[in-house]
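**Q** In the numbering used here, the protein residues as written are 1 to 270.
It should be emphasised that the hints constitute simulated quantities derived from the structure, not laboratory data. Do not take every clue at face value.
[Claimed, not checked] With a cut-off of at most 20 Å between alpha-carbon atoms, the simulated SDA-like pairs for lysine to any residue come out as follows:
#1 LYS2 x ALA184
#2 LYS2 x ALA261
#3 LYS83 x THR105
#4 LYS2 x LEU113
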Amino acid sequence: MKVHHLNCGTMRPPLTPELVCHVLLVEGPTGLVLVDSGFGLEDVRDPAGRLGSSRRLVRPVLDPSETALRQVEGLGFSPHDVKAIVLTHFDSDHVGGLADFPRATVHVTSNELGAALTPRTRTERHRYRPAQRAHAPTIIEHSPAAGDSWRGFTAVELEGIAPGIVLIALPGHTRGHAAVAVDAGEQWVFHAGDAFYHHGQVDGSGSAPATLRTMERAVAHDWDMVRANHARLAGMYGGREPGVLLVNSHDPALLEQAQRASGGRHARRT
């Protein structure tokens with residue numbers, strides 16, 4: 001399957017390097033699949049109502065041309081070609097584009113759907129925005145099981161979407177956070193979502209900006225699990241896991257590397 005690497009939301013938090021919303025657009029056998037959706041057109045139109053006070057922390061640019069919808073169209077596809085959206089989690093910078101693809105089924109872990117619908121903690125009540133589900137999307141929940149592991153990770157293959165798309169339980173950032181692995185032919189693309197924020201957390205350098213580390217810890221559902229994920233993903237970074245390209249949601253350096261490896265973000269459908 002061909003994978004496009006899109007930035008669906010530049011963010012400029014204070015005292016922090018510029019961030020992106022790294023979204024995968026997968027050309028599957030029966031249609032397009034998005035992994036996360038970044039910010040959407042409704043967020044651009046109503047940032048206060050859709051994003052709440054968190055917008056002041058992350059300071060999204062909210063450029064309509066960065067939305068997944070506009071980039072799908074720019075690649076020569078119709079929005080109706082997007083048949084499914086697989087979510088790493090329900091934070092607003094990952095689900096804002098859902099309303100732009102109302103016909104697409106939304107796939108998420110059962111634990112994450114439970115956290116979004118019945119938040120238990122103050123952090124959960126703050127982070128999940130009902131406005132971004134107001135269009136009543138069709139949501140399909142999945143329960144990754146250890147018996148269906150992917151390279152040692154607890155996982156479930158989403159064969160109903162396409163063979164070679166795997167939802168992997170990776171809680172910590174949120175209660176039901178997940179990674180998504182996509183078979184791109186010569187390699188797997190492992191989208192770790194917000195399991196880590198910066199490549200310095202997994203490359204052994206310890207070079208992640210302090211402000212970013214502070215932000216990550218402040219919103220973590222379980223910080224010990226986040227740190228364990230950092231250690232586990234370090235074994236996958238930079239080709240340490242053969243045949244796997246590790247990316248995440250917000251590191252622009254990893255997005256640029258992935259775009260170069262895939263032939264560039266402006267490649268069009270032929």
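**Q** Take the hints in turn and mark each one as holding or not.
**A** Results for each hint:
1. LYS2 x ALA184: Holds. LYS2 to ALA184 sits at ~6 Å (cutoff 20 Å).
2. LYS2 x ALA261: 12 Å, holds
3. LYS83 x THR105: 6 Å, holds
4. LYS2 x LEU113: 28 Å, violated
Consistency with the previously given hints fails for number 4 only.
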